[in-house]
Amino acid sequence: MLEVMEVSEKVKEPITKIIRSKHELLGQENKKGQIYTDVNDIFYNSEQKPVFFTGSEVIKEAIRRCSVGTSVAYPITPQSEAAALIGELYAEGYLDEYFRGESEFAVMGQCAGASFGGHRVFTTTAGPGTLRAMENFPMWAGSRLPIQVCVTCRGVNSPLSIQPDTLEMHYLLETGMMVWHAETAQDLFDFILKGFIVAEQPDVHVPIATCCDGFFVTHTKDTVNLPDEKMTLTPYDPYRSPVTCMDMESAPIRMMRDPFVMKSNYISYATHASWQQEIKAAVERSRKHTIPLLDGLIDTINIDRKILIVGSGTAVSQSREAIRLLEEEGIEVGLVKIKTIRPFPTEEIREATANAEHIFVPEFNVAGWLAREIKAVLPDNMRVYAGPHVAGGMTMPSEVIRDEIKKVTGKTAVFMSDPMGGLQ
Amino acid sequence: MSKEKIALCEDLADIMPPEYQELVENATYGKEDRGWKDIGSSKELIEQHSLCAGCPESIAFRYILASLPNPEDTVFVGSTGCTSLVFPHVAVHNIHSLFGNQNAIASGLKRTLKARFPDVEKDVVVLAGDGATVDIGLDMTMQSWFRQEMFTTICFDNELYANTGGQESGLMQKGFVAKMAPKGKAFDKVRLVEIAKEAGCAYATMLTVSKPNRVEEVINNAVHIAREVGPTFVQLYTPCILEIGKQSMEGLDEMKDSEQIGGRFVARSYITDEAQVVVDRLKQEKKERKMAAKKLKKEMAVA
Chain A
55 MLEVMEVSEK VKEPITKIIR SKHELLGQEN KKGQIYTDVN DIFYNSEQKP
105 VFFTGSEVIK EAIRRCSVGT SVAYPITPQS EAAALIGELY AEGYLDEYFR
155 GESEFAVMGQ CAGASFGGHR VFTTTAGPGT LRAMENFPMW AGSRLPIQVC
205 VTCRGVNSPL SIQPDTLEMH YLLETGMMVW HAETAQDLFD FILKGFIVAE
255 QPDVHVPIAT CCDGFFVTHT KDTVNLPDEK MTLTPYDPYR SPVTCMDMES
305 APIRMMRDPF VMKSNYISYA THASWQQEIK AAVERSRKHT IPLLDGLIDT
355 INIDRKILIV GSGTAVSQSR EAIRLLEEEG IEVGLVKIKT IRPFPTEEIR
405 EATANAEHIF VPEFNVAGWL AREIKAVLPD NMRVYAGPHV AGGMTMPSEV
455 IRDEIKKVTG KTAVFMSDPM GGLQ
Chain B
133 MSKEKIALCE DLADIMPPEY QELVENATYG KEDRGWKDIG SSKELIEQHS
183 LCAGCPESIA FRYILASLPN PEDTVFVGST GCTSLVFPHV AVHNIHSLFG
233 NQNAIASGLK RTLKARFPDV EKDVVVLAGD GATVDIGLDM TMQSWFRQEM
283 FTTICFDNEL YANTGGQESG LMQKGFVAKM APKGKAFDKV RLVEIAKEAG
333 CAYATMLTVS KPNRVEEVIN NAVHIAREVG PTFVQLYTPC ILEIGKQSME
383 GLDEMKDSEQ IGGRFVARSY ITDEAQVVVD RLKQEKKERK MAAKKLKKEM
433 AVA
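Chains as they are written, first to last, in my numbering: chain A, 55 to 478; chain B, 133 to 435.
Treat the hints as calculated values from the structure; they're not laboratory data. Be a bit skeptical, because a hint or two may be false.
To be verified - Calculated from the model, a selection of chain A residues having no Cβ within reach of chain B, i.e. all distances over 10 Å:
#, residue
1, 70
2, 86
3, 103
4, 141
5, 150
6, 153
7, 164
8, 169
9, 240
10, 294
11, 296
12, 300
13, 412
14, 421
As the list claims (entries may be wrong) - Label pairs and their calculated CB-CB ranges:
#, chain 1, residue 1, chain 2, residue 2, range
15, B, 158, A, 293, 26 to 34 Å
16, B, 156, A, 212, 43 to 51 Å
17, A, 256, B, 433, 30 to 38 Å
Said to hold, decoys possible - Within a straight-line C-alpha distance of at most 20 Å, the following computed SDA-like cross-link-like pairs (lysine to any residue) qualify:
#, chain 1, residue 1, chain 2, residue 2
18, B, 137, A, 303
19, A, 360, A, 464
20, B, 246, A, 464
In this text, a Cβ means the ideal position worked out from N, Cα and C, and glycines have one as well.
The whole structure should be built from the sequences, with the hints applied where relevant.
Structure representation (structure tokens):
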């Protein structure tokens, strides 16, 4: 009897993965009848119910539960549907502001203005749109704006392609933003809500790009477990920002003795350098919030095996099937799924691959940037094989991954030719 | 309005910088009918500036800040250029983000401030040079007017890229020989005031800053109309004396010459009927305040 009581007492203790919200609206109702709820309770202390939705619909459902102030939209495949669905949420009264901007460059500026003014801000973009918007991203980071942009990756090169391709993520790596890469629609839902919470921590407070592979995630239907739509995140509190909110609610202090833009002296240099170092440090500090919330920056399966696949995004999904195919032939392969590209899980990958003899990095881009990132941090990086790759316009069949692994490790004869003609 | 937001904590007052103490004691936040005449007799909202000696932009900057109807609730959005060298010294919040995106920033900002402070009038004012407004940023400038964004856009028109060393800009006069226009500019000065009118500004005007009274009136009108009616645009000629080969003392003459009949900066304005109602009301209110003050003065003298 006593034992049973102890168990039930334990059940009552809510799970807390990240510092709890102390927002004054916590527990109160918003105008849509949703209850402002702590992120710990939304994910770990309430029931999740399965739905069968497209990725775009999942983005909508995530934003419904994010207490977003402003979202700005612009059409570009494959994010247009998600951006339009957020417009429906606005029409229903879930957001304060939503409009169509005139280009991605302008949209990211409009998002910045809303964030400078104290709103939680969400937008979506893809491929050429990401590149058109690019000048804004380091500005967001340097201005410490915790904006979230969902990047539904697609090809950026000419000739025109709208097919999935993760090349644009490479351009985001040194912008000072956090960059997370969702494998599935479930990841995407979780990352969107959790991304805001991590990005808005006072000791982090940088923007976040939540990336997913266009079409594979945005346009396919998948089973996703969602918390009740009566719950929504507690709002963003702009007065917990490490920099001044631009609303004239605080003293207009003189932020710089001199504008350092034109100065060429040691103080000016040191100011610039320390500011940039602080942005990098802020991204690194996000680990301590992200690790408990995402259950680590990487996921691993059977990493004691000699052959490992290390990947991110839907390349991981294809690798899971490739591993199953290889196991049918008696070849054992383990898997490392990278969830956060920035901060990069250096130590985690080193540890996970410590015993591997072959490390394969399949990627949905021709550059192989993830392989380069991995090679840069691993000892004995001749173990890392950059491939296989596809470069937009096609999926990456699991058989291609299987055959590449067999060819390189010399396990058996090759069944399929390399679609890239051996290009690595 | 009051100075409560900038008030000093008594225990720490003596260690605050003297510039800040002066700001609390002697600035014109909250003063009704504040204007350019406060310059010199009260604490200005520009602490100092790092522009060239005699630069007309620096005096324009001071007139504008002295004329804002509500600086305690005004946020500026700037752009890259000479103006961005002054904003660190200005006692209102200012955003500098990129070159040319100022009207995009202001659009997001104004809407957010409106949503967050539904009962407070928060003015957003864009202040950028002609390169940022007309060349690299024209798309975003015009789109904000199409969308009827409720803020004021001020363009410091010095007819070239001053900060980068005097290159051709869209607002440069035709034929002017400049860097990147070695044979003289090949096309006419862009008619931005007319563009503003056609793009949906409730009030669009162009003038030089030779007459502070006029600048004060225009800025005050523009901010009020942007609150109540729609987007407003003010184009101010602030010649870059350095790049047109003038001396420090010649800025005023340059402006006066250019606004003579036949000059490039003959003052012109477009205003909608709805905006005119606001201007008329402001005039009437000012008149009534003046008369009331006069009456009070008389009564006090009698007493």
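Earlier hints that do not hold, by number | Result: hints 5, 6, 7, 8, 12, 16, 17 and 20 break, sorted rising.
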